[in-house]
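From first to last, the protein sequence lines stand for chains A, B, C and D.
Heads up: the first sequence begins at 19 in this note's numbering, then just goes up one per residue.
Heads up: the second sequence begins at 19 in this note's numbering, then just goes up one per residue.
Heads up: the third sequence begins at 19 in this note's numbering, then just goes up one per residue.
Heads up: the fourth sequence begins at 19 in this note's numbering, then just goes up one per residue.
Be aware that one or more of the hints could be misleading.
No copy labels: a pair is met if it fits in one copy or bridges any two.
Here are the simulated lysine-lysine pairs, DSS-like style, with alpha carbons at most 25 Å apart [claimed, not checked]: (1) 136 to 43; (2) 20 to 244; (3) 182 to 131; (4) 227 to 46; (5) 39 to 131; (6) 131 to 20; (7) 131 to 40; (8) 134 to 40; (9) 232 to 20; (10) 46 to 131; (11) 20 to 43; (12) 189 to 40; (13) 227 to 39.
These are calculated hints, taken from the structure and not from any lab test.
Just so it is clear, the structure is predicted and the values come from calculations on it, not from any experiment.
Number of protein chains: 4
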Amino acid sequence: MKITLPVIAINFKTYSESVGKKGLKIAKAAEEISNDTGICIIIAPQHTDIQLIASQVEVPVFAQHIDPFTAGSHTGYILPEAVAEAGAVGTLINHSEHRLILADIDEAIRRAKEAKLKTIACSNNPEVSASICALSPDFCAYEPPDLIGTGISVSTAKPEVVTKAVELMQKINPRVIPLCGAGISTGEDVTAAIKLNTRGVLLASGVVKAKDPKAVLQEMAEAAQKTL
Amino acid sequence: MKITLPVIAINFKTYSESVGKKGLKIAKAAEEISNDTGICIIIAPQHTDIQLIASQVEVPVFAQHIDPFTAGSHTGYILPEAVAEAGAVGTLINHSEHRLILADIDEAIRRAKEAKLKTIACSNNPEVSASICALSPDFCAYEPPDLIGTGISVSTAKPEVVTKAVELMQKINPRVIPLCGAGISTGEDVTAAIKLNTRGVLLASGVVKAKDPKAVLQEMAEAAQKTL
Amino acid sequence: MKITLPVIAINFKTYSESVGKKGLKIAKAAEEISNDTGICIIIAPQHTDIQLIASQVEVPVFAQHIDPFTAGSHTGYILPEAVAEAGAVGTLINHSEHRLILADIDEAIRRAKEAKLKTIACSNNPEVSASICALSPDFCAYEPPDLIGTGISVSTAKPEVVTKAVELMQKINPRVIPLCGAGISTGEDVTAAIKLNTRGVLLASGVVKAKDPKAVLQEMAEAAQKTL
Amino acid sequence: MKITLPVIAINFKTYSESVGKKGLKIAKAAEEISNDTGICIIIAPQHTDIQLIASQVEVPVFAQHIDPFTAGSHTGYILPEAVAEAGAVGTLINHSEHRLILADIDEAIRRAKEAKLKTIACSNNPEVSASICALSPDFCAYEPPDLIGTGISVSTAKPEVVTKAVELMQKINPRVIPLCGAGISTGEDVTAAIKLNTRGVLLASGVVKAKDPKAVLQEMAEAAQKTL
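The following block holds chain A by itself, in its conformation from the complex:
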């Protein structure tokens, strides 16, 4: 399950529109569009849906979160190896809605590597983006919290902050692949994000809560394709 750039990553959150079979349908649309356009589309369903989706769809499936634990007495927490065995190939870490203690971000990234999971670590401003890059995740997704879920795209509303975040990230650790997110809902938003030197986007409601998720995803993938 190779991840190619640019990437479009869809966070299913705990939206009712993406639970179980509804999520599987969005995942299948992602698979079809990815096959058509050659653009890599990552999907991040709820933990309870990873196994269902990963067993039926050929796109990279990410967990939305892992806990920085090894196997043991951690009732109700998310073991990296369990996520991997269910079929995930990566995970979000420190999403704005699920922030972690710094030492746990560090440990979660380490544990993810041990479980052979790719990591998209999320950040809320340029300084925190730099800070996270010192911990060497595979990707860092900068998402200003005030734009998440608004439909006002970070890449058009705050282009200079995205640029600053990408520069700081690259300076600290050029091996971390920069993404951005928050408010991404059109192909233009994707184009703008990539023009600002990110290598893709992380989004959620823009696709999951769209009237026609497949159409929006198609538009985004085509926009990403044109940047190649």
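Based on these hints, arrange chains B, C and D on the given structure of chain A.
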């Protein structure tokens, strides 16, 4: 998926011995023994394994935890409805390793009911057991943290505290079904627990980490059967 | 420093209007009014101001929070004994803005007793009020979170919920003294609260952020006096 | 209250040996030794003792923790401005016993600057040290958690890890002043720490729980003096 009393509830935790296919094997043993003895055996696998196990095994599957949320922007958290759609019929709440803010225990129990999930709320001493019973979970499992995972059974090491906990629970809310746990690893421990007026046990390592989980579970179910 | 009923408890929160010397001024107003009216006025300043205020003012000073710890390695946390040595005679526990894990509420109440601190445990609905009363704090202050800071008083906007909360509390543990709070900003609100069978109020902005805190407090104390 | 290098910072934690008047006594010893040796000794008492100590002793007083809040509705939390008004000139942030969410470390450092508080941000390994330095605290104190409180000094037991941490910190942000801590209990430990290119130490039990805190502090200050 009817839950009958007494009940034996197996928490899979995040033990390596219970992830994925290994957990499925324990679940199948539970199903077979439950069918043979007529004793209800609940299993609580990791979130990522609920769907796999619930689709293949006819015993009540519980989540190890739910978050007190409704559908929405809660990346990486456990939505009660998602757990239910994956096939769970109940959930642990406030396990000693995953304790919740009081207002969240209250809300999680309410949300579980809305998602048609039975609840086993866990407590760490008689006073907290009483406190939790005021929130009307279906079950309250009293587990002294210092005995969890020790193999020293609460029902034999602290019988008078179990008795006190059960009395306090019943006084506050007689509709809540009392369980106990911590250190339960033999049929005798199960017998002792039921003689102390609990209606069953919650355990983990005693079965999951046993050399022969099926044999231990068989012994426990037979012990429970004899109390009928 | 005897606490008499009914009581008016003023939470200083971290309002800029109540830090340091400004808080001392409000505390002195409370002392004067309490002396004039005979009504007990508790004040809960920030941790850093307890010593300053308790050494200069003769009203019961409460902490806004304690941590459920014994002396030891707990950098930055609030040790009950330290609060007591600074001059506090009690503490809020589980305020809506500082909610605790259930087992920690239980332990914090126990630790407070050991440090000879009175406890006002806060709750957000009637069920949680009942639950907290099972843990035997000295007071339970029911405060619906949606009214906190609004100026719309719980005692006039939700009288039937206050009544229900008080009934549940008394049923579970009649030794716990019921208070209510949220939106309390006038003498009438205090009168209404006491008529609903509470023994006083917990409030914050209604006094601290008032144009004339002393005048509001005077009005409230006189209203409380008339209920005697 | 100028902070000069090298620095010896004493964290009082919530040890019973440092509450109230006992803490004041240690603070006075620190003042005397600092005056004698010219070595800067920072003390970090509990929040409730800041005012008492800062008003009587002429050494830099730090808080053990601040919360990343502005004035408002944050009952029981530690407002940077309140700490400053009580007399503190700085604060620890993210101590191993009080770890923060990454975004909150970033915000706490920002808020501290606004309140004119110097910051000692703590880290648990070289990577996290680097990560924290991207957020520009004044100091970064690297403390391996497994040595905290042991009396086995980081500077003698793990010299190569201290060196690595200092190098990573300097590479990310050369303006951050490196400290180390954990197990520091003798003058030799202080000497070793400074030879490893740190500019001082953060310690707690080594002084606070010593039979003769003043004698130990004297030894440490003299050791620091010799490195000049």
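Comparing the hints with the structure gives:
1. 136 to 43: Classified as within; 24 Å inside a copy, 29 Å across copies.
2. 20 to 244: within (20 Å within a copy, 56 Å between copies)
3. 182 to 131: Classified as between: cross-chain Cα gap 22 Å, same-chain 28 Å, threshold 25 Å.
4. 227 to 46: For residue 227 and residue 46, the Cα distance is within 25 Å only inside one copy (16 Å; across copies 38 Å).
5. 39 to 131: Between copies, since 22 Å is at most 25 Å while 30 Å is not.
6. 131 to 20: Cα proximity of residue 131 and residue 20: one copy only (16 Å, versus 42 Å across).
7. 131 to 40: Result: close only across copies, 23 Å inter versus 30 Å intra.
8. 134 to 40: between (28 Å within a copy, 20 Å between copies)
9. 232 to 20: within (22 Å within a copy, 40 Å between copies)
10. 46 to 131: Neither, since 27 Å and 32 Å both go past 25 Å.
11. 20 to 43: Answer is within; shortest intra-copy Cα gap is 22 Å, inter-copy 31 Å.
12. 189 to 40: Intra 41 Å, inter 45 Å, cutoff 25 Å: neither.
13. 227 to 39: within (15 Å within a copy, 34 Å between copies)
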